[in-house]
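Asks: Each chain, letter by letter, is given below.
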Amino acid sequence: MTSAAGGHERIYRSLLRLYPADYRARYAEQQVQLFTDQKRDNGAIRTWLRAPIDVLSTAASEHLRRNRTMAHSMTLAPTPAGRLLGVLGVFGGVFLLLGFINLEQWTPDLFNLRLIVFNLGAIAIATGVHLRQASAGRGLSLSGAAPVVVANAIYLVFTFLLVAKPGQLGGGDYQPIGLYILSAAAMWLSDAWLGLVTFRLGVLNRWSALALLVGSIAAFVGMGNFGLAENGSIAEKVILTGLALHGLGWVLLGLEVALRRRPAPTASA
Amino acid sequence: MSLDNASDVDTVPDMSTAKTDATPPPQISRTAMLIMLAIGPEERHGYAIMGEVARITEGATKLGPGGVYTTIRRLLDDGLIEESDERPDPDMDDQRRRYYRLTGLGRTVVAAEARRLQSLVAAAKPWALEAR
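As they're listed, the protein sequences go chains Z and R. Residue numbers are given in this note's numbering: position 124 of the first sequence equals residue 124, and the series is strictly consecutive. Residue numbers are given in this note's numbering: position 40 of the second sequence equals residue 40, and the series is strictly consecutive.
If you are wondering where the hints come from, they were derived from the structure by calculation, not from laboratory data. Errors might be hidden in some of the hints.
[As the list claims (entries may be wrong)] Heads up, simulated SDA-like pairs for lysine to any residue below, C-alpha to C-alpha not over 20 Å straight-line:
| id | chain 1 | residue 1 | chain 2 | residue 2 |
| --- | --- | --- | --- | --- |
| 1 | Z | K39 | R | R30 |
| 2 | Z | K39 | R | A54 |
| 3 | Z | K39 | R | L76 |
| 4 | Z | K237 | Z | V214 |
| 5 | R | K62 | Z | L49 |
| 6 | R | K125 | Z | Q33 |
| 7 | R | K62 | Z | T36 |
| 8 | Z | K39 | R | T61 |
| 9 | R | K62 | Z | R50 |
| 10 | R | K62 | Z | S57 |
| 11 | Z | K39 | R | A48 |
| 12 | Z | K39 | R | R55 |
| 13 | R | K62 | Z | Q33 |
| 14 | R | K62 | Z | V214 |
| 15 | R | K62 | Z | V32 |
| 16 | R | K62 | R | R96 |
| 17 | R | K62 | Z | D37 |
| 18 | R | K62 | Z | N42 |
| 19 | R | K62 | Z | I45 |
| 20 | Z | K39 | Z | L15 |
| 21 | Z | K39 | Z | L16 |
| 22 | R | K62 | Z | W48 |
| 23 | R | K62 | Z | K237 |
| 24 | Z | K39 | R | R97 |
| 25 | R | K62 | Z | I53 |
| 26 | Z | K39 | Z | H8 |
| 27 | Z | K39 | Z | I11 |
| 28 | Z | K39 | Z | L56 |
| 29 | R | K62 | Z | G43 |
| 30 | R | K62 | R | R30 |
[To be verified] To spell it out: a stretch of chain R is covered by chain Z in this simulated footprint if at least three of its residues, at any positions, have a beta carbon under 8 Å from a beta carbon of chain Z; those stretches are:
| id | region |
| --- | --- |
| 31 | 42 to 52 |
| 32 | 69 to 81 |
All figures in this text were calculated on a predicted structure; none of them were measured in a lab. For every residue, glycine included, the Cβ atom is placed at its ideal position computed from N, Cα and C.
So here's chain R without its partners, still in its complex pose (with noise of 0.2 Å):
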């Protein structure tokens, strides 16, 4: 799977059938994977990003405004987010506002990623959950 033509990836891929062991997932880091768990199947703008970040870590993580963008950034680069070309309603929202939304691709890589973490879960189930 070529990152250089991820953008031209439009269909998104059946997550129950695909295999992880076709193709290699690209690597993220945790910050990247997080902003796309953010975004999710919807459309947000970055402070909507910043806030999901903060709520699906518990608090755990607050990344800040460059934190936000310069991930975004490298994600658009590998083509795993796109830019929504809809603007929102003038009397709802900022008009200067941009949002994203995962594309096939990042759909693809986020899927791999929480099959991944999902298995290590389950290897740690016995023991480790129960550890204190």
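The following block holds chain Z by itself, in its conformation from the complex (with noise of 0.2 Å):
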């Protein structure tokens, strides 16, 4: 009798390996001694018809908490600085992406407009990226955020030269401007190596950095020869597509900017 108690337990301390350590060495004995206890009061089948279940299901919630604990511990939730410049990163994705919705009908107002919060959302989004990223290569880092803040910069001064001079402004209206052209191109090329340089460090998420990546290439492929597309053309097709992916991984990133709590700094020796 002495012997078969003593095999329940034994089979029943051999399921605590499931618990992660440091709570095995804290409980294990008492719950050996609570699950003693039911036998004896529920018996032996009672027991363990529930046994099983309760240890692997509180065994998962343990390991799960312990987890959550210890990332908690070694990471820092987003500076002021960061959260800000991801907002403003995922409202210039977001501003690019609407460019989908009834495109033709834009005002130049409005077109304008959304070029530069989507400017503006692209620099802060570079800055932000790079600084999530410096830790992991701040010379590649930089070199892939830098291009982007120059390209959108001149870009917007661009927009806003366009903004300030009297006439017809708006889509389709670059092509006396070749400057402004050739900016654009610059525009996608740099958004394009920052994201390549994104998904090398993987420091965010590499799916972000690949759409990034994609739709900026695509985007400036679609351009051909630095124009834009006529209506209903495969080019057409492909740059709209490109904007598409730039503006989801803005977006992306931006979020992940913004949210994603970021790596505590070691303790120097």
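Build the complex: two chains, separate frames, hints provided.
Replies: In structure tokens:
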């Protein structure tokens, strides 16, 4: 009888190996004793009917809890500046994606406002992305972010000049200003480079970086001779797909910069 | 009210005058609430807690050893309960048993949760309790 009771407890004790070690060290003996009490009062069969599920479910929750606690203690919340940059980046991506809604009905003012928000968002997100991934490779990270900031700043200046200039403005009215077109090309290429750098460093989500990379290249290729593609052409489809991916990439990266916890600095020796 | 310093709370607040809106109580699970209610004003060990939970829920909730001790661990970490230093009389009980009791913070949290449930019941009275 004693041997059988010891056998039950040995099996139960072996089940407790499913718990994290620190939990076992603290509660294994008490838990075995409770199991023994239950078995004594309720019988072995009834006790064993419930014991495996009880151990499996609570062991899983203990592991999850421990991981959450450890992950939380090893990370810090995004800084206020990081949150702001991320939110601006999200706005930039959203405003780019807004272009898919009644694209032909945008008034010049709204069209240019959308470009301004997009450029500001791109500058913000490039800065935010650099701040998050600089620890993994400062030089490479900076080489990815700086061109985006410069290209979008130049494009922003051109947009302001166009807005300030009286006359026809808006989508499709780029041809008279070659530099404007060149700055747009620089913008797409620098965004693609940032996507590649972010993908390579791997600090932020690689799918977001990939969306930015592929979207930017598609948008650039779709431009065709640095001019906008004709309606209904394959180039137009490519550029629209690229714009969608590009906007999605900005939104995802912005969300990550704004919300994702960052690694806590390790204590230096 | 910081849970980090909860173990320092050694005075039992006056439940009759405690304000529920002064400080939001920590979120606790249903199992945690049941275990704290089962401990009540006394000191209880794991098996007694398990039995008391079954009793106060009229058998609807039967916790296993894992459910009891993982919840006890969380309540200890949050400073809502504490382990008693006293050991039972070896002639009366197994000395390996650990006894647990509510802290002052634990009593406050139980009281706040009980008041919340009471107000829900009060809101439900006119019609919900009569529904079949």
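Asks: Confirm or reject each hint.
Replies: Structure-based check of all given hints:
1. The suggested pairing of K39(Z) with R30(R) is violated, with an alpha-carbon distance near 26 Å, which exceeds 20 Å.
2. Between K39(Z) and A54(R), the direct Cα distance comes to roughly 16 Å. Compliance with the 20 Å bound is thereby established for this hinted pair.
3. A distance of roughly 26 Å separates the Cα atoms of K39(Z) and L76(R); the hinted pair therefore is violated under the 20 Å criterion.
4. Restraint check for K237(Z) and V214(Z): the C-alpha separation of about 14 Å stays at or below 20 Å, so the hint holds.
5. Note on K62(R) and L49(Z): the hinted pairing holds, with a Cα-Cα distance of about 13 Å set against a maximum of 20 Å.
6. Of the pairs offered as hints, the one joining K125(R) and Q33(Z) is violated, with about 43 Å between alpha carbons and a cut-off of 20 Å exceeded.
7. This hinted pair checks out: K62(R) and T36(Z) have alpha carbons roughly 16 Å apart, not beyond 20 Å.
8. With a C-alpha separation of about 18 Å, the suggested pair K39(Z) and T61(R) falls inside the 20 Å cut-off, and the hint holds.
9. Of the supplied pair hints, the one linking K62(R) and R50(Z) holds, its CA atoms being roughly 10 Å apart against a limit of 20 Å.
10. A distance of roughly 14 Å separates the Cα atoms of K62(R) and S57(Z); the hinted pair therefore holds under the 20 Å criterion.
11. For the given pair, K39(Z) sits about 14 Å from A48(R) by alpha-carbon distance, which is consistent with the 20 Å threshold.
12. Restraint check for K39(Z) and R55(R): satisfied, since their Cα atoms lie roughly 18 Å apart, inside the 20 Å limit.
13. For a cut-off of 20 Å, the pair hint linking K62(R) to Q33(Z) stands: about 17 Å separates their Cα positions.
14. Restraint check: the Cα-Cα separation between K62(R) and V214(Z) comes to about 55 Å, which exceeds 20 Å; the hinted pair is violated.
15. At most 20 Å may separate the alpha-carbon atoms for a hinted pair to count; K62(R) and V32(Z) meet this at roughly 17 Å.
16. Proposed proximity of K62(R) and R96(R) is contradicted: the alpha carbons are some 23 Å apart, above 20 Å.
17. At roughly 14 Å between alpha-carbon atoms, K62(R) and D37(Z) fall within 20 Å of each other, so this suggested pair holds.
18. Note on K62(R) and N42(Z): the hinted pairing holds, with a Cα-Cα distance of about 12 Å set against a maximum of 20 Å.
19. Restraint check for K62(R) and I45(Z): the C-alpha separation of about 16 Å stays at or below 20 Å, so the hint holds.
20. For the suggested pair K39(Z) and L15(Z), the alpha carbons sit about 16 Å apart, so the restraint of at most 20 Å is met.
21. Of the supplied pair hints, the one linking K39(Z) and L16(Z) holds, its CA atoms being roughly 16 Å apart against a limit of 20 Å.
22. For the suggested pair K62(R) and W48(Z), the alpha carbons sit about 14 Å apart, so the restraint of at most 20 Å is met.
23. Proposed proximity of K62(R) and K237(Z) is contradicted: the alpha carbons are some 62 Å apart, above 20 Å.
24. Between K39(Z) and R97(R) the alpha-carbon distance is near 17 Å, which keeps this suggested pair within the 20 Å criterion.
25. A C-alpha spacing of about 13 Å is found between K62(R) and I53(Z), which places the hinted pair at or below 20 Å, so the restraint holds.
26. Annotation: proposed proximity of K39(Z) to H8(Z) holds, straight-line Cα distance about 9 Å (limit 20 Å).
27. For the given pair, K39(Z) sits about 13 Å from I11(Z) by alpha-carbon distance, which is consistent with the 20 Å threshold.
28. Of the pairs offered as hints, the one joining K39(Z) and L56(Z) holds, with about 18 Å between alpha carbons and a cut-off of 20 Å not exceeded.
29. In summary, the hint linking K62(R) to G43(Z) is supported, as the alpha carbons are separated by about 15 Å, within the 20 Å threshold.
30. Restraint check: the Cα-Cα separation between K62(R) and R30(R) comes to about 13 Å, which is no more than 20 Å; the hinted pair holds.
31. Figure legend: the region 42 to 52 of chain R, annotated as covered by chain Z; annotation consistent (3 residues with Cβ-Cβ distances under 8 Å, at least 3 required).
32. Here the region 69 to 81 of chain R counts 5 residues with a CB under 8 Å from a CB of chain Z, which clears the bar of 3, and the coverage holds.
Hint violations for this structure: numbers 1, 3, 6, 14, 16, 23, all remaining hints satisfied.
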